[in-house]
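Student: Just so you know, the sequences run in chain order S and R. Per the UniProt record's numbering: the first sequence = residues 1 to 201. Per the UniProt record's numbering: the second sequence = residues 1 to 201.
Wrong hints could be hidden among the right ones.
Intra- or inter-copy, both count: the list cannot distinguish identical chains.
Said to hold, decoys possible - Taking lysine to aspartate or glutamate and the EDC-like style, the derived pairs with C-alpha atoms no more than 20 Å apart in a straight line are:
1. 163 <-> 70
2. 163 <-> 121
3. 48 <-> 9
4. 48 <-> 34
The hints are simulated quantities; they were obtained by calculation from the structure and are not laboratory data. It should be emphasised that the depicted structure is a prediction, and the values quoted were computed from it without experimental measurement.
There are 2 protein chains.
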Amino acid sequence: MKFSPLVQELINSLKCLPGVGAKSAQRMAFHLLERNRIGGAKLAGTLKVAMENIGHCSQCRNFTEDDSCEICQSAKRLINQQLCIVESPGDVIAIEQTGEFQGRYFILMGHLSPLDGIGPDDLGLDILEKQLATNQFKEIILATNPTVEGEATAHFIAELAKKYQVVISRIAHGVPVGGELEYVDGNTLSHALSGRKSYSF
Amino acid sequence: MKFSPLVQELINSLKCLPGVGAKSAQRMAFHLLERNRIGGAKLAGTLKVAMENIGHCSQCRNFTEDDSCEICQSAKRLINQQLCIVESPGDVIAIEQTGEFQGRYFILMGHLSPLDGIGPDDLGLDILEKQLATNQFKEIILATNPTVEGEATAHFIAELAKKYQVVISRIAHGVPVGGELEYVDGNTLSHALSGRKSYSF
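Just chain S, with the same shape it has in the complex (with noise of 0.2 Å):
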């Protein structure tokens, strides 16, 4: 015995979102039904607009429903013209909330990775140049993951952007602040030694 077909159907298009298995797609059927028909409803709805609605900003790649996204649109995030060049749209977030950097983004929406068959173009290496050659950066900041893949495409862009004449720079790698010397990996460490910094008093 199976569930009722409509129940079924909804149990199997819950499990399309990632990280949801035949129970937990149950489960969230079930919590749906019975106590949140509205929020239900809602989703559907906002799920319907979204995926026909949201595309990539022409500049950045950022998803925006939007022709450009609204840092692209700003023109104050042009003045110190900085470009930070992340993987996804979950790092430009994370790097806005540090309130450090006001320049503008390059989102390649993934890393390369020969083997998942995810070349040069799918990162939308061609907008970047495109971005590179019409707006006068003066540096490009690669802030892809710390990853062997995160790092072969660090060093991809890097040799790509030479010819650009911008300086080119990528986030230091060191010890996490509030972490212990103690349980930090040999590699990580060894970057942290040989990128130290003298102090200036």
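Place chain R on chain S using the hints.
Tutor: Frame of chain S, contents of chain R only:
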């Protein structure tokens, strides 16, 4: 800085799912936007139809888009005149998978919980009484969860069903198959001992 309004709305809507907080909702939204727009659109459609059309079976209270569910429609299910009372639709599936039960079900959609304001009315006990009065069951099996609330609910229903002259039984408590005696809690173990059965040769 926030996400664009529509992206933010999508993330907020996804938070209505149980066990999904801000970070998971963001991950789900990005996953759907980046990798599975078709799945997202399908989910939106199914969700809308499901929220509008799925109701409760008029006889057993299970979720169904019809007036009564598949099990209640089947005449075969009435032959052995047994009624199994469970807390949730998931329990029906679990019992059906054992293949041990051929009767009908009644789903409480919860358990008595005075602190949460869930009383007998919310469990559809009036529909249950109507079932007992009209269908002439020989036995009702109380298969609520072996928790404090489940036990209390079972007792309450047992009291209520007394007057219908049916056998009222409760599923057995004891050591789960495949477990190790050493790690079974004392309460379960005393149930297992007091409920022991003689070998029949």
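Student: If a hint holds in the structure, say so; if it doesn't, say that too.
Tutor: Okay, the hints, checked on the actual structure:
In this assembly of identical chains, residue 163 and residue 70 lie within 20 Å of each other by CA distance neither inside one copy nor across copies; the values are 29 Å within and 69 Å between. Taking identical chains as interchangeable, the C-alpha atoms of residue 163 and residue 121 lie at most 20 Å apart only when both belong to the same chain, with a minimum of 19 Å there against 75 Å between chains. Taking CA atoms no more than 20 Å apart as the test, residue 48 paired with residue 9 passes in both settings, with 17 Å inside one copy and 12 Å between copies. For the identical chains of this complex, residue 48 and residue 34 are inter-copy neighbours only, at 15 Å across copies versus 22 Å inside a copy, given an alpha-carbon limit of 20 Å.
Hint violations for this structure: number 1 only, all remaining hints satisfied.
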